[in-house]
Every structure is written in C-alpha cells, then in structure tokens.
Amino acid sequence: MTNPLTRKSWSPYVVGIGIGGLSWFAFATADHPLGVSTAFEQTAALAEKAAMPQAEQTNEYFAKKAQEGKPTKIGWEWMVVLGVFIGALLSSLFSGDRSTEAVPAMWRERFGGSVILRLTAAFLAGLLMMFGARLASGCTSGHAISGNLQLAVSSLVFTAVFFAAAIITSLALYGRRGSSHV
Amino acid sequence: MFDSPERLMLGLVTGVVFGVLLQKGRVAKFPVIIGQFILKDWTVAKVMGTAVVVGSVGVYALVASGHANLHVKPFLLGGVLLGGLCFGVGMAVYGYCPGTGVAACGEGKPDAMVGVLGMLVGAWVFVVAFPALQPVIKGLGDMGKLTLPEATSTSPWLWVAALVGVGLAALALLPSRRKSVADEQHRSDKPGVRAGSSV
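Going down the list, the protein sequences come from chains E and W.
Going letter by letter, the first sequence gives residues 1 to 182 in my numbering.
Going letter by letter, the second sequence gives residues 1001 to 1199 in my numbering.
These are computed hints drawn from the structure, not numbers from a lab.
As the structure is a computational prediction, the values presented were derived from the model and not from experiment.
Be aware that one or more of the hints could be misleading.
[Claimed, not checked] As a list, the in silico DSS-like pairs of lysine-lysine whose alpha-carbon atoms are at most 25 angstroms apart:
no.	chain 1	residue 1	chain 2	residue 2
1	E	K70	W	K1138
2	W	K1040	E	K70
3	W	K1145	E	K65
[What the hints assert, rightly or not] Cβ pair distances, simulated, as ranges:
no.	chain 1	residue 1	chain 2	residue 2	range
4	E	A63	W	D1142	10 to 20 angstroms
5	W	P1131	E	A164	24 to 34 angstroms
6	E	F25	W	K1145	16 to 26 angstroms
7	W	L1039	E	E60	35 to 45 angstroms
8	E	A55	W	V1166	45 to 55 angstroms
9	E	V115	W	E1006	36 to 46 angstroms
10	E	I168	W	G1141	16 to 26 angstroms
11	W	L1168	E	A63	46 to 56 angstroms
12	E	R176	W	A1169	20 to 30 angstroms
13	W	N1069	E	A63	22 to 32 angstroms
All C-beta atoms, glycine included, are put in the ideal place defined by N, C-alpha and C.
Chain W with its partners taken away, still in its complex shape (with noise of 0.2 angstroms):
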C-alpha cells in the first residue's frame, strides 16, 4: 500500500523543488498555456526545450555509468494517438496540463481544482474501462519500449549531441526580444477587440 518512507520523502522532496519550478516558470498560468498553443508565448517551449536538452544529457551518462535504468514508455500506437488527442483537446480547454493543473491549485485557482477534481474522475474511468479499452490502446499495432536510438541502430550519445546543437542553434536564432504576457496585458486590457467571434 505504501513505499518505504524513505522513498516518500524522496518523492516529496522531488515534488516541492518541481512545484517551485513550475510556478516560477509561469507554466502555471492559463494565458502562458492557451499563449503557447495560439503561437504567441513559446514560454512553455522554452521550459520543455531545455529541460528535455538538458534532462538527456545527464540521464543518458547516468544510465551509461550504470546509475540509472531508461523507463521507456511502450509504443501502443493507437493508445498513443487517441491519448494525444484527448490530451490536446482537453488541455487547451482546461488551460492546464496535469502537473501545472496541481501547480496552479497551489496558486489558489479554483478552477484548476475543479480540473483537478475532473481528472481524478477521468482517471477512475481509464481503471474500470481498461478491459473495454484494450483493443483500442493495441489495436493499431506494438511496437514495445522503442527509442529512436534502438530504431536506427544508432548511438545514443548521437541524438544528446543533435539535441544539444539544435538547442543552442534555437537560442542563438529565435528572437530575442519577445514581448512578454505582463506587457501586453498592461498595453491592452479591454474586452472585445479580438477577431474571430463567429462561434
């Protein structure tokens, strides 16, 4: 029923520093989110970018020297693709993700607790169908826990590297003067000057 205490501490200490995170990073912040998904504030491809660049070149040297294991996510093609689109859909009319959803109810956002609330439910749903829902989640084929490494025959080390240089390249090409939410919520605070109204 429960990890070893220790093992909760660790998780908890681990949660507290990736709250802290994702409130400072603004991720927690409705406009950030829908702001990102209509193409006007790539903070949360900021964040994800570099913590994916990042991430990967230490983990792959802890699994290198034997520290660590992957845990790679099985492709089950169909659960992957129905997955990603409920995902999307839902999250662009929630304005959260699961972890800045949590993140944004420390914030104190009532609706974010109700999201939250939302997905303990949809959650319960995936357990009680998950028989029912098995042909759809393997139906389309699977392909097991596949790197893109083990897919090429390449060497790990070649993709960090890749991933490394088209970080620095994005940081070295990208604007790099991008008017920030604040400003223009200062700028304009007035209703109604938005096109596209016709829903």
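Okay, chain E solo, but in the shape it has when bound (with noise of 0.2 angstroms):
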C-alpha cells in the first residue's frame, strides 16, 4: 500500500469527511471551533500594543476583549494558523506538489505576467478579505465550515453573502466560460 501521503490530492469528499472530524477533535480536545482568522487579529493586537502601549487604554477593542474573556494572547488559535502552515508544508514535500510561481496561470492570462500587478493585487485583496472576516467575527473556517455545522444563522448569512460576492466578482474578473486553466 502507497502512502497516502505522498499523494498529490485526495477526493475532496475525504478531505470533507477529515475536516468534519477534526472539528470533532476540536470541540471535543480544545472546547474550541476550528477557525483561522481570529488568529491574525490577535497578532495584529499584540503588534498594536507593543508598538503603542497606551493604545490599550485608548482603543476600547483591548477592554472589550479582557471583558469577554478573550484577551489578546499566543494560544490555540494561533498555534493553529503555524500548523495549517506546517501541515501543508509537509504534504507538499512528500507529494512534490510544490508551487513557487507568483502569478497563477489563470491571472496572467487575464491580467499578464506582472509579477508586480498580482503581488499588490494579493496583498490589497488578502487585506481587504481579512478585514471583512473580522467585521463578520469569522472566515472560511470559523464562519463557512465551523459556523454552519452548529448551525448559526450569522454563519448562514455571511457565507451566503460571501459567495455571492465572490462569484459576481469572479465572473466579471474572468467570465463564465472562464479561463482554460478551470
């Protein structure tokens, strides 16, 4: 038997069926649901406060925090964000299905290969993707996958919502026929 994972891609249904059960492992080990985001706003938190420290008095967001039992911290969530790193850096290198290009095939045929247009294009879109999942407390994971499976309305919104978006935004970038790379 092969090991699976030096595999380049599993059935999604499979992945599907791992993410569910890890959600799983997450309530049942951590008492916490899978998510991704809030970690970024957390290192964010800790940049703001280092840099201005009195910013913890002025900025409400830090009270806030403290009072909803959240403080600002390197915990679970964060040590999550490193694994998802690690966990597919590791896949990568045992199935070979590394990428080190910058401009994917479907960008530069739409946009050209300037590595500099789809470097400040992802780092304003990455920017404005994460402010909007901290606006909606949640992302793909904590809102799409974690929310929906305890069946939160706000989750069933915002997904809907984002996909909405995200396909209106994607067929007018690409068209419906898309690109010959999809």
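Using the supplied hints, reconstruct the complex from the two chains, each of which is provided in its own coordinate frame.
This is how it looks when you write it as structure tokens:
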C-alpha cells in the first residue's frame, strides 16, 4: 500500500470527512471551533500593543476583549495557523506538489505576467478579505465550516453573502466560460 | 500572553492535520478556488459541504453529551453583511481564503505569502479602527448568538438530519463525472481562448 501522504490529492469527500472529524476533535479536546482569522486579529492586536502601549487605554478594543474573556495572546488559535502552514508544507514536500510561481496561470492569461501587479493585488485583496473576516468575526473556517456545522444564523448569512460577492467578482474578472485553465 | 503548553500543542496538532487536509484537498490552489466561483470546479463546495454535514453530527453529539459547548458567533447584521461583501471580493481577487492562503504559503507560493502580509495589515486596520467601526457593525441590528434551531424553536437534530439528507441527495444527484482541473489544463494550454476580454 502506498503512503497516502505521497499522493498529490485526495478525494474532496475524504478531505471533507477529515475536516468534519477534525472539528469533533477541536470541540472535544479544546472546546473550540476550527478557525483561522482570529489569530490574525490577535497578532495585529499584540503588535499594536507593543508599538503603541497607550492603545490599551485609548482603544476600547482591548478592554472589550478582556471583558469577553478573550484577552489577546498567543494561544490555541495561533498554533492552529502555524500548524496549517507546517501541515501544508509537509504534505506538499511528501508529494512533490510544490509551486513557487508568483503569477497563477489563470491570472497571467487575464492580466499578464507582471509579478508586481499580481503581488500588489494579492496584498490589497488579502487586506480587504481579512478586514471583512474580522468585521463578521469569522472566515471560511470559522463561519462557513465551523459556524454552519453549529447551525449558526450569522454563519449561514455570511456564507451566502461572501459566496455571492465572490461569484459576481470572479465572473466579472474571468467570464462565465472562464479561462482555459479551469 | 500564552496559553498552557498542552493547549498550544493541541492547537499545533489540530493545525497540522488541517493543513495536510487543505493541501491534499487541492483547495489551496488558485484555479480551484476561482474555478468554484465561476461555477466550473465544485471541489470547494464538496469539501465544505461534506465537512459541515459530518461535523454537525459529531459536534451536536458532543454538546448533547456534555463534552463541548456551542461557540456561535453573534449575528450582528451590519458586520456580517459588510464583512461578507469585503471578504468575497477580496477572496476572488486573492484566489485564496485565510486558511488556504496560509496553506498555499506552505506549498511555496509567493503571491499567497504577500497576501498573508496583507491579511495582517487588514487585521491591524480592524483593531485600530475598532471603536469607529462599532456603529457600522451593530448599526443594522444585533440578533445575538442565534442558531437555526433556536430561531425556529425546533430540535437541532431535525436540522442535522436534514443536513445529512440533503448531503446524501446531492451526492446521489450530482453528475458523477466532472472534468478535473488537471484534465482540462492538459487539454488546452493556449492563452487567449477566453471570452469576455473587454475589461
């Protein structure tokens, strides 16, 4: 039997079952839903506190989080994000599914091969995306997977809105027929 | 400043497994994410749908048996609507979501890495602007940590059973042979065949 880790891809259903099972594990062991974007907010909050110590008094953010019992810290959520990086790194090394290209083929076909353009867009889009995730207090993992599996109304609405916005944006950028690369 | 070492280790183990799953599921790939949003590649929906169905059964069982609590995010209408809008537009341009963006960094992709820097700045903007954003987030109403069973005064198991039913029906009804991304990539590798190049 070949080692499944050396394969480049698994069935999406197997992966979905795995993520569902991992949610049980997270709830059972840490009493916490799987999530990614909270750790980014905590990192930013720690950086803000380090750079501007007076912010802890002037910005009600810090008092509010402490009051909710969620002080900014390097915790479980932060280690999950570090783990995602390590897990994907190991998985891609085992299978040889590595890519160091800055401009995805589909993007190049539509917007040209400029690395600067792609990286600028990725930076600004990452910024906007994370700002949105924190406005809604969750992202694809915290809302669309963990929130929906808890049958949360906020997560259902967030998922519907972000999918609609992403579909409209993608169709406007790439067209219904899309690139030959999809 | 830090959680207990045990909790940090638990988080790391959970994250490593999550990262392997995202990488093997091919959802840390630009053409798979964008392919979903132009409705040509259904990998993302299959992964997410299966995860939600499987996850709901186990998590509600854990809650019912007293081994875990629900952690529902509040339904702040303004935050969820505006947040979803920013998130969707950003994700469509970036080509990754926060989790898959981090996983794509693990695969070695430079655009994903720059996007993660952007995400850190985005989170910082949120923290700094937090006081000013409160009226926007809560302006349209705050419905609290509401779940579908609570909103309809029904048993959660009714909803979990419905999820499982819909999942199985989708599995049975979906066309079984969908062209994989890799197949099509091999088929036509020539640029400029795309319609709608008017922007």
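- Item | Violating hint indices (sorted, rising) | The structure conflicts with hint 2 only, although it agrees with all the remaining ones.
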